[in-house]
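Enquirer: Start counting the sequence shown at 1428; every next residue gets the next number (the working numbering).
A few of these clues could be false.
Cross-link-like lysine to aspartate or glutamate pairs, in silico, EDC-like; alpha carbons within 16 angstroms at most [stated by the list, open to error]:
#, residue 1, residue 2
1, 1558, 1457
2, 1576, 1443
3, 1436, 1580
4, 1458, 1543
5, 1436, 1479
6, 1436, 1599
7, 1576, 1433
8, 1436, 1495
9, 1436, 1543
10, 1576, 1512
11, 1558, 1568
12, 1576, 1472
13, 1558, 1443
14, 1558, 1599
To be clear, the hints were calculated from the coordinates, so they are not data collected in a lab.
In this text the structure is predicted, and so the values were computed from the model without any measurement.
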Amino acid sequence: MPTPVEILKHEHRIIERVLRALGGLSERLEKGESVSPEALSSFLDFIRTFADRCHHGKEETHLFPTLEQRGIPREGGPIGVMLHEHELGRGLVAELERAADAYGEGDRAAGPQFAEIARQYIELLTQHIQKEDNILFQMAEQVLDEETKAQLERAFQQAEAELGAGTHEHFERVATTLEETWAT
1428 MPTPVEILKH
1438 EHRIIERVLR
1448 ALGGLSERLE
1458 KGESVSPEAL
1468 SSFLDFIRTF
1478 ADRCHHGKEE
1488 THLFPTLEQR
1498 GIPREGGPIG
1508 VMLHEHELGR
1518 GLVAELERAA
1528 DAYGEGDRAA
1538 GPQFAEIARQ
1548 YIELLTQHIQ
1558 KEDNILFQMA
1568 EQVLDEETKA
1578 QLERAFQQAE
1588 AELGAGTHEH
1598 FERVATTLEE
1608 TWAT
């Protein structure tokens, strides 16, 4: 059974694949190429459901509070930074949704706007993932004992069940499709 950190790192790799694809989509929008509004919706659905509800949900509801209990501070520490970046990401996603809606209603000027916001989101998440993988998750491995890891694994399984059976696997397939279609 993978450890909680291994689970989250695996999810990071899936998210990174979609970020690469989002970069490819953004490049096409920047060139003025037409993109289906459904493509924008697919990216947003992945980001909202997999990256935020599934992945960030596990971190915010289970991992971060456990790390705080183990002495890693929220305020002035890496957990606070990660939470702040999650909120920044949600703000960018709200902007992406507005641009996607305008694009879907025929406002072609919203395409380059979507691309610009997407580039900010890609940069934020890329740096965020590096910080978690190289700093916070290393700290987690040092402070989590086997019993706590097992508790987190069960909590993660419950979080997956609450999303719905097969949801995680569905979004792994979505990531593959987006990557094959859009990554450059």
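Enquirer: Decide if the proposed pair is consistent with the structure: residue 1576 and residue 1512, CA atoms, cutoff 16 angstroms inclusive.
Expert: 25 angstroms, violated
Enquirer: Verify the proposed pairing of residue 1458 with residue 1543, using a straight-line Cα cut of 16 angstroms.
Expert: At roughly 12 angstroms apart (the allowed maximum being 16 angstroms), residue 1543 and residue 1458 satisfy the hint.
Enquirer: Decide if the proposed pair is consistent with the structure: residue 1558 and residue 1568, CA atoms, cutoff 16 angstroms inclusive.
Expert: Holds, because 14 angstroms separates the two Cα atoms, which is no more than 16 angstroms.
Enquirer: Could you grab the alpha-carbon distance between residue 1576 and residue 1472 and see if it respects the 16 angstroms cut-off?
Expert: 30 angstroms, violated
Enquirer: Take a quick look at whether residue 1558 and residue 1599 sit within 16 angstroms of each other, Cα to Cα.
Expert: Status violated; Cα separation ~23 angstroms.
Enquirer: Check whether the Cα positions of residue 1436 and residue 1479 lie no farther apart than 16 angstroms.
Expert: At roughly 14 angstroms apart (the allowed maximum being 16 angstroms), residue 1479 and residue 1436 satisfy the hint.
Enquirer: Is residue 1436 within 16 angstroms of residue 1495, Cα to Cα?
Expert: Violated, at roughly 20 angstroms.
Enquirer: For the pair supplied as a hint, residue 1576 and residue 1433, confirm whether the alpha-carbon distance does not exceed 16 angstroms.
Expert: 11 angstroms, holds
Enquirer: Is residue 1436 within 16 angstroms of residue 1580, Cα to Cα?
Expert: 14 angstroms, holds
Enquirer: Hey, residue 1558 versus residue 1457, does the alpha-carbon distance stay inside 16 angstroms?
Expert: 29 angstroms, violated
Enquirer: Checking one constraint from the list: CA of residue 1558 to CA of residue 1443, max 16 angstroms. Satisfied?
Expert: This hinted pair holds, its Cα atoms lying about 14 angstroms apart.
Enquirer: Within a Cα-Cα threshold of 16 angstroms, do residue 1576 and residue 1443 meet the stated pairing?
Expert: Violated, because 25 angstroms separates the two Cα atoms, which is more than 16 angstroms.
Hint compliance for this structure: hints 1, 2, 8, 9, 10, 12, 14 are broken, all remaining hints hold.
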